[in-house]
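**Q** Chain E: place on chain A using the hints.
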Amino acid sequence: MAETSRASEPSRLREGLRAYLLISAMWIRSLMAYRVSFAMTAFGNFAVTAFDFAAILLMFSQVDRLGGYSLSEIAFLYGVSCTAFGFADLAMGSMDRLGRRVRDGTLDTLLVRPAPVIAQVAADRFGLHRIGRLTQGSLVLVYALVAADVDWTPLKAAMVPLMLLCGAAIFAALFVAGGAFQFLAQDAAEVQNAFTYGGTTLLQYPPTVFAKDLVRGVTFILPLAFVNWLPALYVLGRPYPLDLPEWVAFTPPAVAAACLGLAGLVWRSGLRSYRSTGS
Amino acid sequence: MHVRTGRFRLYAAVAQSAFRRYATYRIATAAGVFTNTVFGLILAYTYIALWDERPGLGGYDQAQAVTYVWLGQALLTVMALMGGGFEAELIERIRTGDIAVDLYRPADLQAWWLATDAGRGLFQLLGRGVAPMAVGALVFDLALPTEPLRWLAFAVAVALGVLVSFAIRFLVALSAFWLMDGAGVTQVAMLAGTFFSGMLLPLNVFPGVLGEIARALPWSALLQLPADVFLGTVGGADLLGTYAFQLGWAVALFAAGRLLQAVATRRVVVQGG
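Chains as they are written, first to last, in our numbering: chain A, 638 to 916; chain E, 64 to 336.
Chain A on its own, in the form it takes in the complex (with noise of 0.2 Å):
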């Protein structure tokens, strides 16, 4: 269901991304009929997100190292973590609404309309003040840029700005896995919230504090591994968990791109699946 044009692969993109752009421009819209209102709700999304770096600072307020980094390595993980999770949430975020609107039966109005679902649910209620996530973890990243002790090579170099990208394409494949999940389970929208926000939180750390078994876990299952601990332990210079060879440093494009594709059988698969309540 919900193919309503038969139209080629490439200008089903282009549509899907201009209906996306057309929906958040709306909702940026009616957000800034209450300006005051976004920026309490913008500043209270940075001050949220700027806790967990408040944590990490209380902690060093304490000791030198933790897990055997300095506080501008651990800076550097967390601000990559920060900054790819705060795009794929600003474009993604909204996902997790989908599990109402599957309760309340107003994906069926989304369906009958000419545009792919999945642009219409991601940019459902499109939250700009997320933008305060991204700008909070940027602000460390940046921190982290001047502040650590790094021997830059062109390649680590360029290693950053891929990191951002392939961190934020894996978990926009996470939103998107766990939107397709919410027509099966609804009401756990929540569960969402463990992989999402849970995996942003275990990068700000060094794997170095995580059982081995966890390690595994986020490397070989969930590939969150790939989001920064490989590249940024390269960028460090820093020995990588589980005795991996180098090279993995550079695998997350095509992670990354495995993610994504999955990430859309999954989406498919859920949305074939959808029976509306008949409300």
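Source of the hints: derived by calculation from the structure; they are not laboratory data. One thing to keep in mind: the hints can contain errors.
[Said to hold, decoys possible] Derived CB-CB ranges, DEER-like:
| id | chain 1 | residue 1 | chain 2 | residue 2 | range |
| --- | --- | --- | --- | --- | --- |
| 1 | A | 750 | E | 296 | 56 to 62 Å |
| 2 | A | 798 | E | 255 | 32 to 38 Å |
| 3 | E | 307 | A | 879 | 50 to 56 Å |
| 4 | E | 122 | A | 691 | 20 to 26 Å |
| 5 | E | 158 | A | 851 | 43 to 49 Å |
| 6 | E | 168 | A | 667 | 31 to 37 Å |
| 7 | E | 171 | A | 688 | 31 to 37 Å |
| 8 | A | 909 | E | 122 | 55 to 61 Å |
Quick reminder that beta carbons are idealized off the backbone N, C-alpha and C, glycines included.
**A** What follows is chain E alone, placed relative to chain A:
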């Protein structure tokens, strides 16, 4: 006398129906438990790394520190530290003007919402508090109280914490009489609650003056103090001091709520509803 028991039965019924209302969403509760557990796992490892570096930090040993993490996850929704209580609903009623109907009812506004919040808190404690704690106890070595009296003392501290939490959020909700859109104030209250309750890190780990300020503010009654009672770092005469601190803030904030309610109600009447 008769009126009095009738009142009590009314509020008990309100609390009971709030409990049932939250208990209805079983899948959502299970999902919440799952998320709390995942966050508990992640945070527990970071605390272990911190206490590895500085054993005995803040007067906790490592087992107590890890237990603190799971207490935080267990009490997060009970104390509505990140929102999710009655306040969104009350703000909406104020914004739409439905509040006028509520004020006609032969029940006190503050007591009514307190009853709903008590029912909600009790459900969250049982439904969302117990399971993550049990998982935590399976994975880590926790410092659980062995004497039954300390569990009881903890229950009292949690109940007093819910009173303080309610009183703060009641003030937040009433601000909608003046601001109409409560999103900003709710957000600020949530920030203060997260930071000063000890949700980020135990308040006894906060450095210097910041720690002293944080421990004197009402939010410490929501997580830090119940946790200290649970972990046994306060007991005996200190326990009474802890209760007095919680009760003192509860009374002060309830009084402020009543005052604000009186001013706000007069405003509604002036507006003509």
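**Q** Evaluate each hint against the coordinates.
**A** Status of each hint after checking the structure:
no., hint, in the structure
1, 750/A to 296/E: 56 to 62 Å, "holds, 58 Å"
2, 798/A to 255/E: 32 to 38 Å, "holds, 36 Å"
3, 307/E to 879/A: 50 to 56 Å, "holds, 52 Å"
4, 122/E to 691/A: 20 to 26 Å, "holds, 22 Å"
5, 158/E to 851/A: 43 to 49 Å, "holds, 44 Å"
6, 168/E to 667/A: 31 to 37 Å, "holds, 34 Å"
7, 171/E to 688/A: 31 to 37 Å, "holds, 36 Å"
8, 909/A to 122/E: 55 to 61 Å, "holds, 57 Å"
Violated hints for the displayed structure: none, as all numbered hints are satisfied.
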